[in-house]
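Colleague: Using the sequences provided together with the hints, build the complete structure.
Sequence lines, in order, name chains A and B. Okay, so the first sequence: first residue is 7 according to the numbering used here, each after it adds one. Okay, so the second sequence: first residue is 7 according to the numbering used here, each after it adds one.
Since the hints were derived computationally from the structure, they do not count as laboratory data. If you're wondering where the values come from, they're calculated on a predicted model, not measured in any experiment. Honestly, I wouldn't trust all of these hints.
As the list claims (entries may be wrong) - According to the in silico footprint, chain B covers these stretches of chain A (three or more CB under 8 Å from chain B):
1. 11-24
2. 32-38
3. 60-70
4. 92-103
5. 128-134
For glycine and all other residues, C-beta sits at the position ideal for the given N, C-alpha and C.
2 protein chains.
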Amino acid sequence: MLSMRAKYALKALVYLAKAKSQGPVLIGDIAESQKLPRKFLEQILLELKNLRVLKSRQGKGGGYLLAKEPSQIEMGHIVRVFNGPLALVPCVSVTAFEKCEECLDFAQCGIRRVMKKVRDVTAEILDGTTLETLVAIEASESDEAALMYFI
Amino acid sequence: MLSMRAKYALKALVYLAKAKSQGPVLIGDIAESQKLPRKFLEQILLELKNLRVLKSRQGKGGGYLLAKEPSQIEMGHIVRVFNGPLALVPCVSVTAFEKCEECLDFAQCGIRRVMKKVRDVTAEILDGTTLETLVAIEASESDEAALMYFI
DNA sequence: CCAATAGACTACTTAATCTATAGGGTTAAA
DNA sequence: TTTAACCCTATAGATTAAGTAGTCTATTGG
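Modeller: Have a look at this one:
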């Protein structure tokens, strides 16, 4: 399962993508409207800022804004940063590769080969889905139409 | 990432599938040959027995055996039991479905729709891969040949 | 300049989970 | 009846997750 941090980050980003044209958005607005714990969200937004995914303005009239176009912000990136590697085992991770300590035969290992396939299809979906995609998906009524975005 | 429990369970099961014709296998054999911590492995094997995936014989000449054909033991089942749901968010889990507490619009949520797709392709692979598949994959030399098993 | 507003940053706390390890108890074959 | 094996429970130590608290810093506007 995803950590709350990762899920909250995604929710906040989708909210900000939708509010893109409205100037800086207050932490309090996001927290209240999305029902997220405010102080916890603060940390998450700060981390997103340090990642250059968001930018912020302090003081009166301040708040948070996307630092890039929604089409340039991938779900995969957010999930990796807040939840860790997509891979189910370290030996198939691209971003955090590590051989299993107990591994006897890396090349032949069947578990590894299957897990690599799982990682690859997961990465294909999550890296192919941006905030722009997510906003479009939320606008579509049918699940089938929504699925079109990543088939 | 998978828990060690889940990974060790899979490793032990593949080992037992390969040793299928040789009668009961000692915990010590599995632990030593696969480089798994013995007492930890004991717990895992016991749990697999309670799941009716393994059976055991006590006393001299005893050990562990598969309780079913390798083709009837799915990776997905083992991963779910030892690692939890395949889904990245509870609201797309089949085995542990739960609405997110902060969810505003279940039907429209884009994050949910994408995560459902991820869960579905993951489940398709892991539920479609049995111990028999894994043993066959380990016998094949090329990664491409191995991939054939779940395309 | 000052006061109010809003994010920035650091430090905790609490709870849960994971990864083992320890140490007997029970069963059954020889 | 001895002994090789699995059975079962308890517990410890480490790590991570989720959230809270409090202070600091920057900006705006009177």
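Colleague: Each hint needs a verdict: does it hold in this structure or not?
Modeller: Structure-based check of all given hints:
| no. | hint | in the structure |
| --- | --- | --- |
| 1 | 11-24 | holds (count 4) |
| 2 | 32-38 | violated (count 0) |
| 3 | 60-70 | violated (count 0) |
| 4 | 92-103 | holds (count 4) |
| 5 | 128-134 | holds (count 3) |
Consistency note: the structure conflicts with the earlier hints numbered 2 and 3.
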